[in-house]
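Residue numbers (this note's numbering), protein chains in the order written: chain A, 188 to 494; chain B, 188 to 494; chain C, 188 to 494; chain D, 188 to 494; chain E, 188 to 494; chain F, 188 to 494.
No lab work stands behind these hints, which were simulated from the structure alone.
No false leads were mixed into what you were given.
Intra- or inter-copy, both count: the list cannot distinguish identical chains.
With a cut-off of at most 27 Å between alpha-carbon atoms, the simulated DSS-like pairs for lysine-lysine come out as follows:
#  : residue 1 : residue 2
1  : K393      : K257
2  : K293      : K369
3  : K349      : K293
4  : K480      : K349
5  : K428      : K349
6  : K322      : K393
7  : K393      : K247
8  : K257      : K465
9  : K247      : K369
10 : K247      : K455
11 : K257      : K349
12 : K428      : K472
13 : K369      : K455
14 : K293      : K322
15 : K472      : K369
16 : K486      : K393
17 : K455      : K257
Listed here are the chains, written in short residue letters.
Number of protein chains: 6
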Amino acid sequence: MNPETQVYLNGKIVPSSEAHIAIYDASVVLGATLTDMERTFGHQLFRLDEHLDRFFRSCKYARIDPPISKGQTRKIVEELVHHNAQFIDSTQELGCIQFISPGEFKVYAGSAGNADDMEPTFCIHTFPLPFSFWKHYYLEGAHVVTPSIRQVPPQCVDPKIKCRSRMHWWLADQETHLVDPKAVSLCLDLNGNITETSGSNFLIVKDEAIWTPSSKNILPGVSSNFVRDLSEELGVDFIEKDFQVYDVINSDEALLTSTPYCIAPVTKINGIPINSGKIGPVFEKLIGLWSQKVGVDIKNQLLNSSF
Amino acid sequence: MNPETQVYLNGKIVPSSEAHIAIYDASVVLGATLTDMERTFGHQLFRLDEHLDRFFRSCKYARIDPPISKGQTRKIVEELVHHNAQFIDSTQELGCIQFISPGEFKVYAGSAGNADDMEPTFCIHTFPLPFSFWKHYYLEGAHVVTPSIRQVPPQCVDPKIKCRSRMHWWLADQETHLVDPKAVSLCLDLNGNITETSGSNFLIVKDEAIWTPSSKNILPGVSSNFVRDLSEELGVDFIEKDFQVYDVINSDEALLTSTPYCIAPVTKINGIPINSGKIGPVFEKLIGLWSQKVGVDIKNQLLNSSF
Amino acid sequence: MNPETQVYLNGKIVPSSEAHIAIYDASVVLGATLTDMERTFGHQLFRLDEHLDRFFRSCKYARIDPPISKGQTRKIVEELVHHNAQFIDSTQELGCIQFISPGEFKVYAGSAGNADDMEPTFCIHTFPLPFSFWKHYYLEGAHVVTPSIRQVPPQCVDPKIKCRSRMHWWLADQETHLVDPKAVSLCLDLNGNITETSGSNFLIVKDEAIWTPSSKNILPGVSSNFVRDLSEELGVDFIEKDFQVYDVINSDEALLTSTPYCIAPVTKINGIPINSGKIGPVFEKLIGLWSQKVGVDIKNQLLNSSF
Amino acid sequence: MNPETQVYLNGKIVPSSEAHIAIYDASVVLGATLTDMERTFGHQLFRLDEHLDRFFRSCKYARIDPPISKGQTRKIVEELVHHNAQFIDSTQELGCIQFISPGEFKVYAGSAGNADDMEPTFCIHTFPLPFSFWKHYYLEGAHVVTPSIRQVPPQCVDPKIKCRSRMHWWLADQETHLVDPKAVSLCLDLNGNITETSGSNFLIVKDEAIWTPSSKNILPGVSSNFVRDLSEELGVDFIEKDFQVYDVINSDEALLTSTPYCIAPVTKINGIPINSGKIGPVFEKLIGLWSQKVGVDIKNQLLNSSF
Amino acid sequence: MNPETQVYLNGKIVPSSEAHIAIYDASVVLGATLTDMERTFGHQLFRLDEHLDRFFRSCKYARIDPPISKGQTRKIVEELVHHNAQFIDSTQELGCIQFISPGEFKVYAGSAGNADDMEPTFCIHTFPLPFSFWKHYYLEGAHVVTPSIRQVPPQCVDPKIKCRSRMHWWLADQETHLVDPKAVSLCLDLNGNITETSGSNFLIVKDEAIWTPSSKNILPGVSSNFVRDLSEELGVDFIEKDFQVYDVINSDEALLTSTPYCIAPVTKINGIPINSGKIGPVFEKLIGLWSQKVGVDIKNQLLNSSF
Amino acid sequence: MNPETQVYLNGKIVPSSEAHIAIYDASVVLGATLTDMERTFGHQLFRLDEHLDRFFRSCKYARIDPPISKGQTRKIVEELVHHNAQFIDSTQELGCIQFISPGEFKVYAGSAGNADDMEPTFCIHTFPLPFSFWKHYYLEGAHVVTPSIRQVPPQCVDPKIKCRSRMHWWLADQETHLVDPKAVSLCLDLNGNITETSGSNFLIVKDEAIWTPSSKNILPGVSSNFVRDLSEELGVDFIEKDFQVYDVINSDEALLTSTPYCIAPVTKINGIPINSGKIGPVFEKLIGLWSQKVGVDIKNQLLNSSF
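All chains, please: the whole structure from these sequences, using the hints.
Written out as structure tokens, the structure reads:
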């Protein structure tokens with residue numbers, strides 16, 4: 188019997204404490220890593236196929252061939268989650284991450300072999316979702332700030348791939364924290380359009396509709412996509428368009444969507460309250476409907492978590 | 188007595204075989220890593236201070252405070268190189284890399300502590316320079332290709348920091364290799380200006396002068412800077428300006444500069460021979476002068492290396 | 188009985204002849220002024236709430252807090268219009284303007300107090316709409332010219348706020364008048380898309396639909412919005428998209444919408460007739476429907492005005 | 188004997204208390220105002236001709252013809268300063284501002300005459316320089332912040348004219364004050380280059396040279412130009428080039444130049460100390476030399492001022 | 188009886204062998220030529236009016252007045268096609284091209300008359316469609332490559348006019364052929380959006396819809412427009428939006444539309460298979476429906492052609 | 188004895204009256220033509236080698252291989268000029284143009300051969316310079332206008348090649364002629380910088396120096412280059428930099444340089460006089476020195492020409 192959580196790494200299941208990356212892996216040397224992440228509700232994986240599809244689309248775009256198929260990946264994810272869930276209690280949930288890099292640059296290890304002779308590094312691991320990180324989102328709403336740093340444009344790295352060359356997000360957050368240490372960076376694109384935050388999609392509610400930034404600038408979010416489905420049920424239009432800070436300031440509500448906390452209200456941008464600065468009714472309807480769909484009271488679970 | 192090369196990792200000297208990175212280190216998760224690299228000539232470090240200055244400038248820009256001072260870093264680099272040089276023979280040289288990330292995201296390891304409570308990950312390691320990789324540069328000249336992927340602009344991530352969010356370079360190289368598997372990507376900026384390659388600065392020789400792309404678009408190269416010094420000795424102007432593919436095609440010579448191979452001739456761009464497609468005299472003068480300065484016949488050493 | 192029109196200025200009603208601005212008011216020194224304007228039909232205010240909402244949105248964006256509420260502003264507007272309407276005859280109508288600046292820079296008046304200690308300057312005033320200015324619009328159609336000067340992009344000043352830093356429009360008009368002294372500047376954005384004129388929104392009719400430039404580049408016009416409502420009644424689609432000079436030249440009709448003259452046909456762009464260069468049927472339908480809604484024959488009133 | 192300071196307004200000398208602008212003047216309605224400002228040292232005007240030349244260049248660009256010649260303007264400025272200087276004591280100095288707008292839009296005053304029939308509004312006024320505002324610059328250095336708002340590009344309004352459509356600066360400062368209420372906005376251009384602050388030019392000292400942002404993005408500063416002259420005397424190169432935040436962070440010193448306080452050290456950008464965060468030697472040399480040239484100890488005068 | 192095909196040139200019908208252009212015609216000297224092209228199915232012209240409308244729109248935009256009316260042009264096209272069709276057999280079809288330039292620059296012929304005194308050069312000619320050129324499109328699918336060369340933006344030359352200043356396409360194709368000699372250039376716009384190829388529109392099929400690049404970047408294709416009509420019949424949405432290489436790689440199918448071969452599947456982009464790299468069902472449905480509409484089995488005709 | 192001027196066309200010398208281009212030549216179909224032009228002074232060719240070098244650089248860039256060498260081209264140019272000069276009198280001069288296209292698209296002539304099987308079309312022809320066209324330049328100075336149309340950026344077609352895809356210049360001139368029928372378009376680049384006119388380089392004189400727009404945006408002019416040489420003799424600096432309309436308006440003088448008329452003063456931009464609107468002294472010095480160098484009084488020759 189295994190007394191520890193497990194990690195899938197390059198074809199093997201290893202104890203988490205033994206899962207390491209070589210210092211000369213392309214993920215460390217280049218940040219040339221594709222990733223994706225799913226979570227559980229009641230210890231059941233949510234929309235796993237959508238996450239795997241997006242992950243394999245990222246890989247195809249970046250020409251990094253996963254050594255195992257989508258079906259095999261699904262199986263490993265399910266098994267890892269099943270195994271690792273026994274280490275958390277029923278009030279907790281798991282996040283599960285898969286990532287792939289082109290592999291190790293052997294030359295840095297002192298080997299002068301063929302540089303092209305690389306094997307992808309493929310890892311899958313889980314972790315308990317640290318709900319306490321996001322409690323203030325549900326209590327006061329998230330705050331966003333638009334820093335001077337801009338989103339990387341698609342002709343450099345397409346934001347539709349979930350990759351780990353995210354220095355611009357690190358830089359953006361350093362600026363943002365000067366304004367408010369708990370705020371999240373909401374980067375503008377090179378033309379001044381709203382894009383996304385470093386960890387979530389960003390939506391606004393305006394004139395009975397939900398607006399999403401245009402697809403050229405953002406990750407096609409699985410949670411955002413689910414909100415699209417839910418808003419259809421609620422009879423609310425879901426519109427894709429370029430919009431700017433003015434639209435956010437003068438919106439009815441603003442929202443973050445992200446795998447770990449699903450959906451969160453945004454109540455301030457650059458220190459300015461959005462509408463009255465209160466959490467709004469569309470957020471409440473969406474999270475209610477979402478909870479219903481997954482059989483978990485998302486807000487209560489998160490707010491009551493001691494983790 | 189230590190039978191193995193050593194690595195500095197987070198305050199400790201460890202055997203290379205034990206130097207690993209956690210899968211939830213910011214270097215893996217975000218690519219938020221700063222780095223630099225120096226090399227030896229005759230096992231003596233070359234322009235170490237310039238490399239350390241640039242490394243600390245990168246850190247300051249990205250607000251990642253190295254846990255040790257520049258002086259301490261220098262000392263460790265020198266000691267590591269001294270120790271690890273005993274494992275190579277006298278025809279070989281060492282490269283030495285330092286890199287830093289914001290540290291481990293403990294939450295992925297199952298800890299729900301304060302997210303801001305991170306300790307930087309700081310690593311210094313060496314490797315024998317694999318001279319065989321670059322032999323064809325000295326024999327036929329390097330080939331460059333301008334892919335459709337563009338250099339990340341400075342308002343996203345300033346190219347003046349040596350960082351490891353380099354997915355765009357990975358993508359660029361995938362495109363470039365469709366044209367010529369041995370070619371190097373020479374990315375244009377968003378306005379169509381020449382910038383740099385993924386591993387080197389790019390210069391052209393034109394009308395008795397050397398042109399470098401403007402500083403907004405490139406890493407301030409230590410080797411390129413040394414070429415500036417050498418060209419002064421040769422009475423050749425060194426000019427910074429925006430230039431385009433046309434200028435490269437119609438230049439007298441083109442050059443790559445990079446720490447491991449110092450300087451290399453470029454003889455083709457997008458399949459078009461530069462000038463006559465032959466290695467040119469300015470390259471020969473520069474590498475001759477450089478060899479003289481460091482007391483090593485750089486070209487011969489590289490061409491005769493069996494590694 | 189008051190023998191003169193009145194102005195609201197900083198909490199007081201004053202005779203128009205006494206309404207002045209200090210030479211060191213921020214409106215004069217910085218052009219940091221927000222404004223809006225409504226008009227009457229038959230001396231009744233039209234869509235006042237929409238204008239006030241837009242005005243307060245502008246203020247919120249620019250972080251200038253009006254010293255009185257939206258309700259109070261409405262009341263003052265109504266009273267001013269009521270009072271000042273007695274000085275015009277029944278064939279005339281009033282325009283009513285409110286504007287706000289951050290207030291006076293006392294330092295320019297010789298006071299060295301706290302620079303931040305500013306009281307907003309808030310003014311509301313009316314004027315008889317000078318219908319004669321626009322008669323040629325209804326008789327021959329307006330002419331527009333695209334000058335070399337470009338619309339200010341939203342990452343500098345969002346065109347969705349109605350502000351008075353309009354030097355670029357002044358410059359644009361100087362260029363435009365070289366082509367045709369009666370023409371109106373239709374600025375392109377930095378990418379060559381049609382935006383708006385200095386005093387109106389710009390629409391085209393094409394393939395049974397009305398096209399408006401995308402919201403990133405224009406003021407959200409109250410009149411344009413009303414045309415959207417009217418076009419719905421007429422069964423004509425109202426579409427937001429980026430379009431260019433080519434689309435205008437090859438449209439069926441083009442239109443200006445603006446508070447004082449409501450809607451006007453555009454018959455030439457850069458000297459090229461739009462369609463046949465004649466006033467078109469969609470314009471006629473829209474102004475007919477508009478007249479019906481407000482109980483005033485807009486075209487006749489304007490054409491027959493002696494003012 | 189005149190008991191009050193005087194203002195020149197539209198051909199007349201009036202007491203300051205009677206100098207007002209009509210609420211429908213183009214300066215208020217459009218922000219279509221050109222301006223310039225000079226100051227005294229020991230009550231003597233400094234480089235007046237340079238300021239007047241720049242003012243008349245602005246007017247020519249914007250096609251607003253001053254109703255009086257440059258020579259007449261000079262005479263009025265000199266007389267006003269002479270007269271108004273009697274109201275300050277010898278430790279104080281005067282700033283003198285001239286501004287011009289296209290004039291009053293008579294239509295807003297109820298006149299339906301020819302819209303083109305406008306007379307420019309031309310005003311010249313003085314004020315005692317409020318030295319206390321800038322004391323902290325000399326004591327701790329100024330702090331600058333790069334907000335998300337961008338400098339208006341020259342194809343919209345050329346920053347080489349000193350105009351008063353400055354809403355973008357107002358917006359920039361609102362963002363900047365979220366980071367630090369005493370900081371000054373240093374706007375980037377649309378490509379991420381450093382430009383200027385709302386009230387000064389910005390220079391850096393690097394590698395024994397002074398760098399100024401390129402002329403496309405900034406006002407050609409009279410003070411900055413004087414620093415160019417002084418740096419020539421000091422044997423320091425003065426270089427024009429595009430540079431970025433990285434260059435400022437890693438400069439030796441940074442400087443503001445502006446008419447009222449001449450030159451000031453900048454010690455922080457976005458919260459990061461420039462060099463050691465201390466006031467640097469090039470600043471000290473420049474202000475020393477400047478003081479010598481004008482026969483006033485600039486730093487002492489400012490620091491000792493009670494105004 | 189005429190033993191040769193005919194060409195319309197400047198008001199005359201001439202034998203093809205006598206149809207020449209002066210070396211100093213504006214079409215040769217400036218590339219200032221507008222053009223359009225239609226084809227036959229079963230020797231009957233297809234959508235001629237749409238082609239002529241687009242041609243006359245191009246002319247209006249470029250201010251080159253055709254010397255004959257649209258009706259006259261139609262008549263000549265019909266007569267030429269009727270006459271020239273007798274020289275091909277029934278398995279072949281004709282393409283018909285009309286083009287216009289501002290005319291001859293007489294000065295190059297040694298005449299110093301008025302430069303403005305030019306007569307447009309107007310030519311209409313036909314040619315048998317060389318079906319063999321496109322057979323591989325129907326057998327393996329077309330391959331597209333995105334070169335570093337970008338589409339000319341609409342503020343330089345609007346891509347909505349079909350003009351013959353196409354050097355950028357020539358340059359793009361030279362780069363593309365380095366990757367694959369049979370591939371077609373698919374240029375990106377300056378922001379990295381997909382536009383069109385040098386000879387066709389480009390569409391993708393995604394999530395049950397067909398996407399076309401936005402109108403700012405492409406020729407409004409007559410074939411693409413016909414696909415819009417057909418897709419409506421098939422119950423497939425036809426959506427205009429900016430999209431990027433990622434979207435093409437991860438689309439279900441991609442398509443070229445062009446007058447000579449109507450519609451073709453695209454199976455690779457930058458060497459990456461689109462979907463499975465096989466010809467897809469939407470293409471098959473569209474070409475089937477198209478064949479039905481025109482009474483010609485388009486695919487068979489093309490594949491069986493010996494020409 | 189030959190009674191007619193001659194043209195070189197595809198390997199043959201033909202009488203001018205027989206020099207035609209096929210309607211399906213790439214020069215007509217694509218505008219994919221490279222060209223260059225030189226002129227005589229006293230019937231002697233001026234700087235022929237510089238023109239040929241530039242022509243062959245253009246060809247190399249566009250990958251169109253001239254079928255004859257540079258030496259052969261020179262010989263033909265010299266012979267043609269020698270022969271054709273006998274048809275003009277001694278007060279006239281010849282221009283000589285060479286141009287090359289990829290050749291004829293045989294498919295349009297009904298041949299279904301290999302599309303790649305093309306032979307370049309290479310033509311060299313002369314014409315008497317029509318001096319009367321430019322007389323007003325020398326008498327009143329040229330007038331330039333900046334239209335809304337922008338220069339094509341180097342990532343689409345590099346302006347450093349002299350090519351004949353010049354539709355944007357045609358469009359620009361149509362707009363410019365609305366302002367002034369004799370004015371010349373001076374296109375801005377996409378960022379608002381001054382570039383060149385459709386037929387000449389554009390320079391300004393400012394602060395004792397001559398400024399040229401930066402090389403990214405313009406043809407490297409042979410005449411402009413000669414002015415650089417002359418200005419060195421005159422002790423005037425020649426500086427390359429981005430500049431804007433403001434700089435032109437406020438320059439001391441502005442100049443056009445072009446092969447046929449060498450150098451001309453510009454006295455107005457957008458209707459605004461440059462300096463006093465008079466022809467300036469630097470122009471006079473330059474044309475004087477130029478005349479001296481070539482042994483022809485350029486101004487007199489041009490002004491006195493009856494052609």
